[in-house]
Amino acid sequence: MIFLSFALRNLRRHWFRSLLSVIGIVVGVAAIASLGILGGSINLLVANLISDVGDTIVITPHTAIGGTFAGDPRTAVDATLSSREVDDIRRAAGPYRAIPVLQGADEVEFGRGETGYTRVIGLDPEDIPVLLRLEDGRYPRQNQPGALVGTYLAREYGLSPGSRITVGGEDLRVAGVLAERGFAVDINPDYAIVVPEGWYTGHFGTRDGYAMVIVRVGDIAAIDEVKDAVDNRLNRREDVVDIVDSREMLGQYQDIYDQITVFLLGIGGISLLVAAVNILNVMYIAVTERVSEIGVMRSIGVMRSEVLRIFLYEALILGVAGSAVGGVLSAAVGYAASVAAIGVFTAGTTFGEGFAVFNTTAVGYIVFGMAFGIGTSALAGFYPAWKAARLRPVEAMRHA
Amino acid sequence: MSGEPILRFEDVSKVYSLPAGDVVALDHVSLTVEPGEFIAVMGPSGSGKSTLLNMMGCLDVPTTGKIYLSGQEISGMSDDDLTRLRRDHIGFVFQQFNLIPLLSALENVEFPIVLARGREESRQRATEVLAAVHLDDALFSHRPGELSGGEQQRVAIARALANDPDLILCDEPTGNLDTKTGTAIMDLLAAENRRGKTVVMVTHDPRIAAYARRTIRIVDGRLV
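First to last, the protein sequences are chains B and A. At position 383 of the first sequence the residue is numbered 383 (this note's numbering), and the sequence of numbers has no breaks. At position 138 of the second sequence the residue is numbered 1138 (this note's numbering), and the sequence of numbers has no breaks.
Hints are not guaranteed to be accurate.
To give an idea of the interface, some chain B residues facing chain A are shown, with a C-beta separation under 7 Å as derived from the structure [as the list claims (entries may be wrong)]:
| hint | residue |
| --- | --- |
| 1 | 2 |
| 2 | 9 |
| 3 | 296 |
| 4 | 299 |
| 5 | 300 |
| 6 | 301 |
| 7 | 303 |
| 8 | 390 |
| 9 | 393 |
Some chain A residues flagged as far from chain B (calculated, every beta-carbon gap over 10 Å) [as the list claims (entries may be wrong)]:
| hint | residue |
| --- | --- |
| 10 | 1010 |
| 11 | 1060 |
| 12 | 1116 |
| 13 | 1175 |
| 14 | 1204 |
It is worth saying that the hints were derived from the structure and are not from the lab. Note that beta-carbon positions come from the ideal geometry of N, C-alpha and C, so glycine has one too.
The shape of chain B in the complex, shown without the other chains:
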């Protein structure tokens, strides 16, 4: 205990220098922990946003350069699937439901004179209830045309069942409002209009332009089997389609956000490294200016290990104080940053509502940041402390 109080007094003797080192650790720990919390929050949020998991296969026209990640801008090449290819997919999918999707865009008038260029999705009326849920109204039927509008579109333009809209000059009645779907791996109708396939082909005059086919497998175990079957049937001679399942896509998103988290942690790590160098420097100065004092202590019977302890305690006190303040601060900063980031990521949606920033992951990052701060301080303090302990008493005393 005498050595601990010694360390404390030494730190107080140079309180300003000690304070600066503590601030360095505070910033480092706060950075690493709050950036970790931010990364974790984004990750969790994304996992929340991606609604369907596990049982969906999405088959898109093959794009020579695009790889398989749907988010890659190079995949946005205007390519479509023909009816024959859709039939082939149906056959390959066997008992599972294959849902061909038409996708286009047109100018839409929303009744109050407001117009906008909006995505239009064409689906077989029988497939619509399988794929999409309603918030209000009814599903359209083949002989009873009507449009379904995405929830954000409905909210923005005040649309409800019965409202009238005009798509590319053609009048259409709103049959229902779709429930919020978020970042689905297949289609994102929250800002789109969904119409029956018959109306779509009549309006756009296309029959063969399917954007994708969604296969609802229902059984995770069968996913690979169906993928292989489609691949064998369609990609035998050359790649005609790209096949991705929702697990894979989820994994790809997860990878991206994991990388963001690692990147953020890296930035935090760098600031902690700077703090460590600062502690190393401060401890080094402390040892250098106390060389003769160390010599005196050694001459009156202080052991090497005890000298080591004095200086290690000093570094640890700086580390513990900095990490404690940094931990508290990171809770506040991490919360604020997460709330702001969630605000940006979910602007105009309801996904951010009720999302808890403080969860075990966040607490984990705070603990990790603090442990890292204390560990770094101890490590930075070790070399100067070791040097101090190795000093020969006679030479050290002569240093005065």
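Assemble the complex: chain B is given as a structure, and chain A must be docked to it using the hints.
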């Protein structure tokens, strides 16, 4: 212990290797110090007085030769063993006082006691020793920087006595003090010697050396 000299040097040499060449600080020195002696070590600057004292205090080890402390040969000892020897059997008094600036007078004396025996009764023992060197109670809580040179040297002597050592080694104990204060400090050391402590003191002041009952002269690392 009886009959055993407290210190015995057997043909001890110390050579420092410097870039400019080897410097022989001690050249085949043999001597014995009997318990209860008061010895002055005299010689010009650079003659090897301090090296001799450091060797006596186990602060340095000889290049060749053997040193026995109460019959125990020290050259093969580990750093921890030497440290323990210094802590329990040797008291140092330096010219620069060398008190620890962060600690009060009382704590400076208490420090070696805590190192050797822990906190129990350390305060009481430190108080007794400080009283024995006639330091005013009011100064116990003062830091070294707040004390005069004479007061600091009293604290330093108290620190040297704290663990009741057999041997007190003094390096120019009055070198930084005026004559009157120096005399008072020497009276203290002489009193400790009368109480049975062995005192070895390096000095170049003949008036101070006169307190000793034996004088060792050293020139160019050799005893003369």
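Does residue 299 of chain B pass the interface check with chain A, least Cβ-Cβ distance below 7 Å?
5 Å, holds
Verify the interface restraint on residue 393 of chain B: the C-beta must sit less than 7 Å from at least one C-beta of chain A.
5 Å, holds
So, as I understand it, the hint says residue 2 of chain B touches chain A; can you test that by seeing if any CB pair is closer than 7 Å?
Holds - the Cβ of residue 2 of chain B comes within 7 Å of chain A, reaching about 5 Å at its closest.
Quick one, is the residue 296 of chain B hint okay against chain A at 7 Å, beta carbons?
4 Å, holds
Determine whether the non-interface label on residue 1116 of chain A survives the test: each CB of chain B must be over 10 Å from its CB.
It is violated; residue 1116 of chain A is separated from chain B by about 7 Å at its closest Cβ, not greater than 10 Å.
Taking C-beta pairs only, is residue 1010 of chain A more than 10 Å away from all of chain B?
21 Å, holds
Residue 1060 of chain A non-interfacial with respect to chain B [C-beta, more than 10 Å]:
5 Å, violated
Supplied contact hint for residue 301 of chain B, tested at 7 Å Cβ to chain A
2 Å, holds
May I ask you to test the interface hint for residue 9 of chain B with respect to chain A, counting a Cβ-Cβ separation under 7 Å as satisfied?
Since chain A brings a Cβ to about 5 Å from residue 9 of chain B, closer than 7 Å, the hint holds.
Claimed clearance of chain B by residue 1204 of chain A, with the beta carbon kept past 10 Å
18 Å, holds
Can residue 303 of chain B be said to touch chain A, with a Cβ gap under 7 Å?
5 Å, holds
Against chain A, run the beta carbon of residue 300 of chain B and see if the smallest gap drops under 7 Å.
Status holds, d = 5 Å.
Of the numbered hints listed earlier, those contradicted by the structure are 8, 11 and 12.
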